[in-house]
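*Asks:* Each chain is listed here by its residues.
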Amino acid sequence: MIGEVFKDYRQERKLFTNRTILSGMIIILCFLGILIRLIWLQVQSYDHFQTLSQGNRIRLEPIPPIRGLIYETHSIVLAKNLPAYALELIPEKITNFNNTIAKLRKLISISDNDIKRFKKLRRHKRRFDSVPIRTQLTEEEIASFAVNSYQFREASIQVKFIRHYPVSKLTAHVLGYVGRINRRDLKRIDSSQYSGTSHIGKIGLEKTYEHLLHGQVGTKHVEINARGRVLRTLESHPALPGHDLFLYLDLGLQEEASRALGQENGALVAIDPRTGGILAFVSHPTYDTNLFVTGISHKSYNKLLHSPDRPLYNRALRGQYPPGSTIKPFVALAGLETEAIQAKDQIFCPGYYQLPGHKHKFRGWKRHGHGMINLNGAIAQSCDIYFYVLARNLGVDTLHAFLSKFGFGRKTNIDLVGELGGLLPSKAWKLKRRKAPWYPGETLILGIGQGYMLATPLQLASATATLATKGRFITPRIVRAYRGPTTNGTIKEFPKKTIQIAKQTTQHWSEVITAMRQVVESSQGTAKSIFTNAYSIAGKTGTAQVFTVRQNETYDESKISKKMRDHALFVAFAPIENPRIAVAILVENGGHGGAVAAPIARRVMDHHLLRDESSKTQDILLQDTAD
Amino acid sequence: MPPKISNKLHIDWPLLTGIILVCLWGLVIIYSASDKNLDMMARQLMRISLGFGIMLFIAQISPEHLYRISLNLFGGAIFMLLIVLALGVIGKGAQRWIDLGIMRFQPSELAKIAVPMMIAQYLSEQQLPPSNTLIFKALAMILIPVLLIAKQPDLGTALLVGSSGIFVLFLAGISWQMISIFAGSLIALAPIVWTMLHKYQKKRVLMLLFPESDPLGAGYHIIQSKIAIGSGGLHGKGWLHGTQSHLDFLPERHTDFIFAVLAEEFGLIGVIVLIGLYSFIIFRGLYIANQAQDTYGRLLSGSLTLVFFVYIFVNIGMVSGMLPVVGVPLPLISYGGTSLVTIMAAFGIIMSIHTHRKLLIA
Numbered sequence: 001m002i003g004e005v006f007k008d009y010r011q012e013r014k015l016f017t018n019r020t021i022l023s024g025m026i027i028i029l030c031f032l033g034i035l036i037r038l039i040w041l042q043v044q045s046y047d048h049f050q051t052l053s054q055g056n057r058i059r060l061e062p063i064p065p066i067r068g069l070i071y072e073t074h075s076i077v078l079a080k081n082l083p084a085y086a087l088e089l090i091p092e093k094i095t096n097f098n099n100t101i102a103k104l105r106k107l108i109s110i111s112d113n114d115i116k117r118f119k120k121l122r123r124h125k126r127r128f129d130s131v132p133i134r135t136q137l138t139e140e141e142i143a144s145f146a147v148n149s150y151q152f153r154e155a156s157i158q159v160k161f162i163r164h165y166p167v168s169k170l171t172a173h174v175l176g177y178v179g180r181i182n183r184r185d186l187k188r189i190d191s192s193q194y195s196g197t198s199h200i201g202k203i204g205l206e207k208t209y210e211h212l213l214h215g216q217v218g219t220k221h222v223e224i225n226a227r228g229r230v231l232r233t234l235e236s237h238p239a240l241p242g243h244d245l246f247l248y249l250d251l252g253l254q255e256e257a258s259r260a261l262g263q264e265n266g267a268l269v270a271i272d273p274r275t276g277g278i279l280a281f282v283s284h285p286t287y288d289t290n291l292f293v294t295g296i297s298h299k300s301y302n303k304l305l306h307s308p309d310r311p312l313y314n315r316a317l318r319g320q321y322p323p324g325s326t327i328k329p330f331v332a333l334a335g336l337e338t339e340a341i342q343a344k345d346q347i348f349c350p351g352y353y354q355l356p357g358h359k360h361k362f363r364g365w366k367r368h369g370h371g372m373i374n375l376n377g378a379i380a381q382s383c384d385i386y387f388y389v390l391a392r393n394l395g396v397d398t399l400h401a402f403l404s405k406f407g408f409g410r411k412t413n414i415d416l417v418g419e420l421g422g423l424l425p426s427k428a429w430k431l432k433r434r435k436a437p438w439y440p441g442e443t444l445i446l447g448i449g450q451g452y453m454l455a456t457p458l459q460l461a462s463a464t465a466t467l468a469t470k471g472r473f474i475t476p477r478i479v480r481a482y483r484g485p486t487t488n489g490t491i492k493e494f495p496k497k498t499i500q501i502a503k504q505t506t507q508h509w510s511e512v513i514t515a516m517r518q519v520v521e522s523s524q525g526t527a528k529s530i531f532t533n534a535y536s537i538a539g540k541t542g543t544a545q546v547f548t549v550r551q552n553e554t555y556d557e558s559k560i561s562k563k564m565r566d567h568a569l570f571v572a573f574a575p576i577e578n579p580r581i582a583v584a585i586l587v588e589n590g591g592h593g594g595a596v597a598a599p600i601a602r603r604v605m606d607h608h609l610l611r612d613e614s615s616k617t618q619d620i621l622l623q624d625t626a627d
Numbered sequence: 001m002p003p004k005i006s007n008k009l010h011i012d013w014p015l016l017t018g019i020i021l022v023c024l025w026g027l028v029i030i031y032s033a034s035d036k037n038l039d040m041m042a043r044q045l046m047r048i049s050l051g052f053g054i055m056l057f058i059a060q061i062s063p064e065h066l067y068r069i070s071l072n073l074f075g076g077a078i079f080m081l082l083i084v085l086a087l088g089v090i091g092k093g094a095q096r097w098i099d100l101g102i103m104r105f106q107p108s109e110l111a112k113i114a115v116p117m118m119i120a121q122y123l124s125e126q127q128l129p130p131s132n133t134l135i136f137k138a139l140a141m142i143l144i145p146v147l148l149i150a151k152q153p154d155l156g157t158a159l160l161v162g163s164s165g166i167f168v169l170f171l172a173g174i175s176w177q178m179i180s181i182f183a184g185s186l187i188a189l190a191p192i193v194w195t196m197l198h199k200y201q202k203k204r205v206l207m208l209l210f211p212e213s214d215p216l217g218a219g220y221h222i223i224q225s226k227i228a229i230g231s232g233g234l235h236g237k238g239w240l241h242g243t244q245s246h247l248d249f250l251p252e253r254h255t256d257f258i259f260a261v262l263a264e265e266f267g268l269i270g271v272i273v274l275i276g277l278y279s280f281i282i283f284r285g286l287y288i289a290n291q292a293q294d295t296y297g298r299l300l301s302g303s304l305t306l307v308f309f310v311y312i313f314v315n316i317g318m319v320s321g322m323l324p325v326v327g328v329p330l331p332l333i334s335y336g337g338t339s340l341v342t343i344m345a346a347f348g349i350i351m352s353i354h355t356h357r358k359l360l361i362a
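So the sequence lines, in the order shown, correspond to chains U and V.
Residue 1 is where the first sequence starts when you use our numbering, and the numbers rise one by one after that.
Residue 1 is where the second sequence starts when you use our numbering, and the numbers rise one by one after that.
Don't read these hints as lab results, they were simulated from the structure.
Accuracy of the hints is not assured; some may be wrong.
Stated by the list, open to error - Between beta-carbon pairs, the in silico distance windows are:
no.: 1; chain 1: U; residue 1: SER144; chain 2: V; residue 2: LEU45; range: 46 to 54 Å
no.: 2; chain 1: V; residue 1: LEU45; chain 2: U; residue 2: PHE128; range: 30 to 38 Å
no.: 3; chain 1: V; residue 1: ILE61; chain 2: U; residue 2: ASP8; range: 23 to 31 Å
no.: 4; chain 1: U; residue 1: GLN50; chain 2: V; residue 2: LEU24; range: 24 to 32 Å
no.: 5; chain 1: V; residue 1: GLY238; chain 2: U; residue 2: LEU82; range: 43 to 51 Å
no.: 6; chain 1: V; residue 1: GLY337; chain 2: U; residue 2: ARG37; range: 25 to 33 Å
no.: 7; chain 1: V; residue 1: GLY337; chain 2: U; residue 2: ARG123; range: 39 to 47 Å
Glycine included, C-beta positions come from ideal geometry on N, C-alpha and C.
Only chain U is shown next, with the shape it has when bound in the complex (with noise of 0.2 Å):
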């Protein structure tokens, strides 16, 4: 180039030089400190980048268990998971969602509400998941679509398991049922456990046995993509499926009491006096669990709530009546046990008892009274007064100490959740809850089963199976026995816990029995309508009183209202020589126990000792299918 001015050219040549030797030393110190830089990223923490880039692929994500079955003592699935079809949509794969809608409704009915539900749920989901926009397919709709499913990218039916009742209202109040879980579920349950699951047992055995029924959920890991779609499973722990449950019950013994309670509201509860196994659970009226499982809506809800009869409430486990004239057998047995009394000692009943020095009148339920009455006949014939002087006798702590043993005032610890524990009265509770002290009338009225006592339908049926075995009282079990992962596959049945109440001699209790087969056979019994010769009864039938009779007014049934009507009562067990099975029966407002209560517990005896196994376990089976 043509230098218009001097230029010393080896001096700019020299100076250039210097500078880009300077350059090139930079550059590499540049490109050292870049090295240094990976050096440090690649080998210095490269456990720390591969551990955040592993956890960057890689989801653990959770495969549901599936719910163990529960069976009863046939066999019979009492509840069991079906699979139920869904038809859901993957929004991203959707062009034109009302095309698509338009299509699949020539195929499957979807309503508007299922439109409003899907965009609802899509909002909280990503584009690549599948959203459910019809749940419930019928099989024709499941064909239908099967059919012709090529037409659709975007839409595909998935399935689920949910828990179904075959004879949901049957068994309701046995079994319970499962729902969503909540918030309030959340915070007593590992929640890794349930990451996978979506119900939870509410209420019933399937809540008690919820640690056994779940299962273990297993895992699958997968590789994700930045936005979280799965690409592929890289290993998978497949879920351990929950545990079956192998229950006492007897389907058709429990269908043949619910027959028997027919319209009235009330409980049964029939044990096997031998295993304390719950044969029968019943508590009228009754509901079905199966619209609980899916989501009751709120109308359906408050209408059970709401119902006078109360439907969700379990009589049976919770209900807590005056036990009436059924306690008799046990305050006989006290006074022979405690000797205050011998079962041939006579006593004059003249329909009242009064209290020494007091003018009140303890009434009995017979205006004139039984005269010269024994223990024989004072149970047949449930005189009151005889139990007033006997509850008099051995005094309110006495009772309390005997009856106890029993089971009364405490619960019977029975493997259903929510138990109730009944009311046994005492000296020391009157003072402690009450603060008053205990009156001498309150022991007569407890020695026929009135005033404070309360007692559950349980925990009567539970200490007449007592006093069937003649002390061995065992802890009642809906639940035999469980199969499962942890078994191995065998049937392992629960452990029996049994306590034998200590005796003065099992003379007393063949006594106590021998007259309580009485209130069945003889000519005075109060449940003589219902003796029968094909095997023999020992009962005892009681009328829990609702509604208070002033002194000096009678009580007359046809006056008050069915609401004020006494409760019917009938404890029994059968047979007596090698007893198969004890009931007790509470009928609300039934009236009197020997009418009322005695004939449903004589067909559910009849059921369980007269069928021979076949035939019933056939009906069933029937019935089942036709379900």
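Following the hints, complete the assembly by docking chain V onto the known chain U.
*Replies:* What follows is chain V alone, placed relative to chain U:
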């Protein structure tokens, strides 16, 4: 001495070999980064071919001719930058290109070449080292296109264009006194500029310095690319086996962040090989500059080589989390044609300077 073929074609074989090797490796990485997309690879191959064509074409132009068109090229670049700015104002939006129908032309790319040409031409007319007035005039010339580009806004390109001019000044022998005055005033100005910034602007700068403070927003890029590089380790996860890149965690993975893919799949060893190749090209460029027979050639080829280095340093520094994120591609490797063509043109100039030497003994 018979003229060599390389001199006839005006090709510098060592430089060409280095460039071809890096480009081929770039294609290999793009294939992986694009998830085995052959279309993208073919498109990039077309661009590389176009780049080589331009490089060879420019290499035929003699340095004397380049010297003569320097001013026109510079003027043209400024003019087109103004047009782009005007179009942006009319279109109410930022704009960087002029639509030529078949392709989009970015005047700022032209400026990357035109600015060092202009400054080299301007300085080489005078005795070096340049006088203070010359330096200030040169600085003013640099500042005009830089400000126009920064206004687009394209900070990365503005930085490259500015440094290309500054490098000419540096190589021309600007005194250390001046260098320290400029550096000092820059450092002194920084806090003043900082206080003038809006709150959101400060936040953005801090974000560049501490990306981890916003892992889902601005920091996401840098965090993911650090994971990609770090998890590559010494040997890398293997070609096509980078999880960060193949599972979409790494953003911009075939353009600005392609270095992270390379580091993830080829590990530190791959990185060292790449830096070795780049160093070879750079030092060959510096050697050519030093061998140039006149001041203009020396200043221009030296500056262009140093800009090439700046590309590499800024890109790797940004991807590995040492420098703030500015949009600078990894030269010869990142997917895209614009900067590739410019870089190839620069190498064309360097080759021209080297192969048009008169066979005289100075």
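*Asks:* Each hint should be assessed against the structure and marked as holding or not.
*Replies:* Hint-by-hint comparison with the structure:
For SER144 of chain U paired with LEU45 of chain V, a C-beta distance near 52 Å keeps the hint of 46 to 54 Å intact. For LEU45 of chain V and PHE128 of chain U, the hinted distance range of 30 to 38 Å is satisfied, since their beta carbons lie about 33 Å from each other. Remark: the range hint 23 to 31 Å for ILE61 of chain V to ASP8 of chain U is upheld by a beta-carbon distance near 29 Å. Here the CB-CB span from GLN50 of chain U to LEU24 of chain V is close to 29 Å, well matched to the stated 24 to 32 Å.
Hint check: GLY238 of chain V to LEU82 of chain U, Cβ distance near 48 Å, so the stated range 43 to 51 Å holds. About 30 Å separates the C-beta atoms of GLY337 of chain V and ARG37 of chain U, a value consistent with the hinted range of 25 to 33 Å. Separated by about 41 Å at the C-beta atoms, GLY337 of chain V and ARG123 of chain U satisfy the suggested range of 39 to 47 Å.
No hint from the list above goes unmet by this structure.
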